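Listed in order, the protein sequences are those of chains A and B. Quick note on numbering: the numbering used here labels position 67 of the first sequence as 67, and the sequence is numbered without any gaps. With the second sequence counted from 1, adding 1000 to any position gets you the numbering used here.
Keep in mind that the hints were calculated from the coordinates and are not lab data. Because the structure is a prediction, the values reported are computed rather than measured. C-beta atoms are modelled at their ideal positions from N, C-alpha and C, and glycine is treated no differently. Heads up, some of the hints might be wrong.
[As the list claims (entries may be wrong)] Computed footprint of chain B on chain A; a stretch qualifies when at least three of its residues, placed anywhere within it, have a C-beta under 8 Å from a C-beta of chain B:
| # | segment |
| --- | --- |
| 1 | 54 to 61 |
| 2 | 187 to 195 |
[Stated by the list, open to error] Within a straight-line C-alpha distance of at most 27 Å, the following computed BS3-like cross-link-like pairs (lysine-lysine) qualify:
| # | chain 1 | residue 1 | chain 2 | residue 2 |
| --- | --- | --- | --- | --- |
| 3 | B | LYS1085 | A | LYS34 |
| 4 | B | LYS1220 | B | LYS1119 |
| 5 | A | LYS34 | B | LYS1071 |
[Said to hold, decoys possible] Some residues of chain A that are not near chain B, with every Cβ distance over 12 Å (derived):
| # | residue |
| --- | --- |
| 6 | LYS107 |
| 7 | ILE126 |
| 8 | ARG134 |
| 9 | LEU139 |
| 10 | SER200 |
| 11 | VAL229 |
| 12 | GLU251 |
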Amino acid sequence: MHRRTSEIVIESAIKLSGVLVIVFVFLIFLFLLKDALALFRVYPVGRFLFGRNWLPISEPPQFGMVPLFLGSLYVTIGAILICVPVGVATALFIGEVAPRSLKQVLKSLVEILASIPSVVLGFIGIVWLGPFLRSTLHLTTGMCGLTGSLLLAFMALPTIISISEDALNSVPRTYREAAFGLGATQWQTLWRIILPSASSGIMAAVMLGIGRVIGETMVAMMVTGNAPVIPQSLLQPLRTLTATMAGEMGETVGGSEHYFALFAVGLVLFVITFVINLVADIFLRRARR
Amino acid sequence: MLAVLAAASLAGCSKDMDPNEPSGFVRIKGSDTLVNAVQEVSEEFMKEYPYVFVAVTGGGSGVGIASLINKTCDVASSSREMKPKEIEIARQHGVFPKEFTVAYDGVAVIVNKANPVEKLTLSDLHRIFTGKATRWTEFGGKDLPIVTLSREVSSGTHAYFKEEVVCLGRKDSTEEFSAKTLLLSSSQAIVEEVVTNEAAVGYLGMGYAGDRTRSIRVSKASSEFIAPTVREVMARRYPLARGLYFYTDGDPKGAVKLLVDFTLGPEGQQHLVSTGFVPLGATGAQTNQ
């Protein structure tokens, strides 16, 4: 009888915390929506979503988020192109190739990588990576999208490595044994059998990595130059959604047009990360099946 | 911040506090141009009035003005005047800003030491910062693209520069900073980029222009080119000069009044001069009533 009550208590506590998480996410969404919609009462939605100029302190101000959205998109695509191949290859090496002792060392190194604060990476970007890229690629300035992409790729690597590795681990042993039994080499097994069977999990890792990159603020603000221009390439300065919010929130007065515009930017960012996480979740669920 | 609070509460409890001495806690927030000078003045002030604690933070003039309106600081320091729109918003929030001019300052335009360009007219600067002029050759420099650097929109120096250079002082002007302009989050970041980038040009309060960069001599028409020095600003010859302000909510009282008086008094002024600013008396333009 006693055991029964404690079970009920624990069970409902767990249920409550589960429900609370959903409630919180929903409340955050409502909060963003409320302040973002306040912008659209005074500023047309179309001009916010498709406007090509972000000039928040001009008279009259212009809140066109196209340059910011493209800035985030460019930096994210750049980072993904760099970190997905490297991350998946590292996961394959750790999970399938490396000997047991090396495996443990590499795993803990990846965890250390995950714990480097972003402001430290940003600092490295300003004093070393930026000037280095400028002089080697003959750019006009080192504060550009590529610097941001490289550092953000570095930040997304741990996420991609650990989740891909989990996905590789969950491929049944019998697959490998069958492949080897048929006379496949290790490379053939890796490339033709293990990678395809783990593909859903790896896709999920990539999506979560994208979520990590697009939401990162500090590095983006410090190294990308923050020019609100419609970017033509990764080699020029650009401004991301996150850096705009962080850079401008301090100077806005609660309740002003600019304040609401930053919330609208926040809402866009929230929707993007929400969709990305949802897609990642769908892939993860497929992987478990 | 916590340390200051802890110190304040400790001091509040100590037995040897003289109840006749003025005591209190003053929060100053705003201009990054002024932050170092105000910090120095505050330290001197706290020696004089040991039971008053002053916390100084930067972030930009816009941040200071926003927090005065949001009532999260007692004194907003600013390198630009409050806009009529901001005063109106402040009134709506029950805040009645009172302005004190605390010093004058020149805005220096800085370039890399390897850049041969030494002097520019205001209209040259206008062409550079609006993106109409894109190569240094046009001004007798090397064959390099011009990389323009600016502060973030929260900066009072940004607002001043936009008004005087980008819009050339015309109120109805709709000109904007070139979208390619890099928006950096501090004066120091501008100095760092100019030091490492031969093609860069930036602007900042002249107190920040050290000897690692070179300040351009500027002229209003093409007659006389003036270097940004304390003497030239005092003589009102340097074209990019402006006031630096404190704003309080209504007439300052208690500790806030002591601090404002101290800053305007001989000792405060002396410290502002030693950090590179131009004192009030010098230009004979005492505007505080």
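Each hint tested on the structure:
{"no.": "1", "hint": "54 to 61", "verdict": "holds (count 4)"}
{"no.": "2", "hint": "187 to 195", "verdict": "violated (count 0)"}
{"no.": "3", "hint": "B:LYS1085 with A:LYS34", "verdict": "24 Å, holds"}
{"no.": "4", "hint": "B:LYS1220 with B:LYS1119", "verdict": "11 Å, holds"}
{"no.": "5", "hint": "A:LYS34 with B:LYS1071", "verdict": "23 Å, holds"}
{"no.": "6", "hint": "LYS107", "verdict": "36 Å, holds"}
{"no.": "7", "hint": "ILE126", "verdict": "7 Å, violated"}
{"no.": "8", "hint": "ARG134", "verdict": "7 Å, violated"}
{"no.": "9", "hint": "LEU139", "verdict": "10 Å, violated"}
{"no.": "10", "hint": "SER200", "verdict": "41 Å, holds"}
{"no.": "11", "hint": "VAL229", "verdict": "4 Å, violated"}
{"no.": "12", "hint": "GLU251", "verdict": "3 Å, violated"}
This entry does not satisfy hints 2, 7, 8, 9, 11, 12, going by the numbered hints stated previously.
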